[in-house]
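Number of protein chains: 2
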Amino acid sequence: MEQVLSENNLVISVDAMGGDNSPRIVVEGINLAHKNNPDIHFLLFGDEEKISADFKRFPQMKNYCKIIHTPEFVRNEDKPSQVIRNKNTSMYMAIDAVRRGEAEAVISAGNTGALMAISKMLLKTIQRIHRPAICTNIPHKSGMCVMLDLGANTECSAVNLAEFAIIGNILARHTLEIERPRIALLNIGAEEMKGREEIHQAAKMIKSTHLDLNFIGYIEPHQIGEGYADVIVSDGFTGNIALKTMEGTAKLISGLLKGTIKKSIWAKIGLPFLLPVIFTLKKRMDPRKYNGAMFVGLNGLSVKSHGGTDSLGFSYAIDNASKLVRQHFVQTIRDEVEHVDLDELSQDILYDVY
Amino acid sequence: MEQVLSENNLVISVDAMGGDNSPRIVVEGINLAHKNNPDIHFLLFGDEEKISADFKRFPQMKNYCKIIHTPEFVRNEDKPSQVIRNKNTSMYMAIDAVRRGEAEAVISAGNTGALMAISKMLLKTIQRIHRPAICTNIPHKSGMCVMLDLGANTECSAVNLAEFAIIGNILARHTLEIERPRIALLNIGAEEMKGREEIHQAAKMIKSTHLDLNFIGYIEPHQIGEGYADVIVSDGFTGNIALKTMEGTAKLISGLLKGTIKKSIWAKIGLPFLLPVIFTLKKRMDPRKYNGAMFVGLNGLSVKSHGGTDSLGFSYAIDNASKLVRQHFVQTIRDEVEHVDLDELSQDILYDVY
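Same order as they appear, the protein sequences are chains A and B.
Okay, so the first sequence: first residue is 318 according to the working numbering, each after it adds one.
Okay, so the second sequence: first residue is 318 according to the working numbering, each after it adds one.
Next up, chain A with everything else stripped away, as it sits in the complex (with noise of 0.2 Å):
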């Protein structure tokens, strides 16, 4: 392994102990992963004992995965700021493997405060890049965009908005493999000046740089589903509102149907007729296909999968992850933003308002 890894810089570091059923769900993920993936090679962080058990099952794994002891593991109860501290955790010394050069991407199921904490901490924000943010793939009518800020920042600037126009546009490039996305601010109203000012400003800055084309102004929350807009930028507080309601109405429209056809002889009847259909819309929608909430913008990737997920959702995730990896994401950040001052274009904006 030792070879192999020197050999290929495509390596992901894995915290074994984050999640419900770990490390059983993350060995089975990377086994599934690993098919799509024969070019990734994995660092696992763990106790190794437990780990070792899990790869009876899978002896081929050992070609292209490498398990690192840690004596301690992150729970969900633990504060971030106790676990910045502690560097003999699975998900501490994972990232830092990430900090290190030894892999390009860290994926974990744990607590997600502390995962963000951490990879703060110890892998920093790209030169020029001035927050990061949390942003994953959710799917409309007829494909799937890229949403961020998802609630890493609860208030940005118009300069933080404008980042994130071009992580996402990166993102969208390769995940969703669009080659021109059409890029969104999210706000309630299509006229320019509907919203917050910060939003005016983040669109004049956008338009000033290399994504003008691309860029397609306001979208309004309803237009999402329609498939509008590939990447879809807001601040950390409203990406998370919108991203909550939507659960949360798919939930309650469900619950409703349920309800409602439990009470009726009739649909009971016409139901298995519907199975199909009912199969379909469950695969379509399926919430492990968008599994992976990815923290960019750090000299690193840090993913954070589902903590109840399954290992078909874990593989998905590690999947994802390998698209960036693949292509070099944080270098194609920091190449991309090596030619933009957006806080020269801000001070520029500013002059044009007063």
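Keep in mind that the hints were calculated from the coordinates and are not lab data.
Mixed in with the good hints there might be a few duds.
Unchecked claim - Label-pair restraints from in silico Cβ distances:
id, chain 1, residue 1, chain 2, residue 2, range
1, A, ALA507, B, ASP337, 17 to 25 Å
2, B, HIS645, A, LYS441, 53 to 61 Å
3, A, PRO604, B, ASP337, 33 to 41 Å
4, A, LYS568, B, ASP660, 45 to 53 Å
5, B, LEU629, A, LYS568, 25 to 33 Å
6, B, SER398, A, GLU514, 13 to 21 Å
7, B, LEU629, A, PRO604, 17 to 25 Å
8, B, PHE375, A, LYS524, 51 to 59 Å
9, A, LYS458, B, GLY544, 23 to 31 Å
10, B, GLY506, A, THR442, 57 to 65 Å
11, B, GLY506, A, LYS524, 30 to 38 Å
12, B, GLY506, A, LYS575, 24 to 32 Å
Claimed, not checked - Here's a subset of chain B near chain A, in silico, CB distances under 7 Å, partners left out:
id, residue
13, PRO388
14, GLY534
15, THR577
16, ILE582
17, TRP583
18, GLY587
19, LEU598
Said to hold, decoys possible - Stretch by stretch, here's where chain A covers chain B in the computed footprint (C-beta under 8 Å, at least three residues):
id, stretch
20, 336 to 350
21, 416 to 430
22, 560 to 566
23, 619 to 633
Everything numeric in this text was worked out from a predicted model, so none of it was measured.
Every residue gets a Cβ at the ideal spot worked out from N, C-alpha and C, and that includes glycine.
The hints should help you fit chain B onto chain A, whose structure is shown.
Here is chain B on its own, set in the frame of chain A:
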């Protein structure tokens, strides 16, 4: 009619020229609403000839309606800055009737921005209330809840949010007939320090008012559908984002469902059995039932009906407004805020911090 009006002060003023099929829809809507609200009288502002023509089908309407001719009306494309200067439109005159004390509420299906601007200018905010808010009732798993602000204020202070909580509490009592509404602030997490500073401060302020026992803390968007709260308070930007995300997600799911059913011969066979379920759900989620966005916090109630609604939808907007008028909603707000000095509370909370 003149005599009736002076005996009975439950009067609603109506802009008969607003919306897609006015004044026909408006006249039919009033006729429908009268059945549930025989105690309410109406002042109809608009083209007398057209309104009278529609009245011919309902001759009894002249017993509880009075037509006031206006030479002009507000168009959908008119800018708020223009319409506030034209005193001859049906919308302006209908709102002015509330200012003059001839009616307690005004309803229009016309230009939203114009209705807000004229209402704000003529009715002015209630003393001690700093900002008006837009609110509506939305469905959850087992009933309905009040949500505000939905777009009147893109940014809000803690004082504004606390005021919305006071108004929302009255709205839930009067329109949903909930004796002790559970009030929550919309936020991105349940923990005390999650989200924005003004939300934390608003929570402290609400706890210091008479609403202390009704206040249940923060609600996350995916919990709205669960029916955790009866009053959901947010700034207008966030509320608008949440409302439009609900709309969009519902549309996305029903679109995907229809699209998938179309492609399946089995589903087409089973579908007729599910018609009662679809009918029940449609009835439950019927947007006409939630018609009527209320502009509250002013000296008079201003209600915006959806421009494309039908007569039943318009009658629901009247129903809702009638409940508030019958219980003298505006006076109730005045009485409640008289005993709460939010500005002073706000100072106390600021001193607490430093």
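Quiz item: What hints, given by number in increasing order, does this structure fail?
Solution: 4, 7, 10, 13, 14, 16, 20, 21, 23
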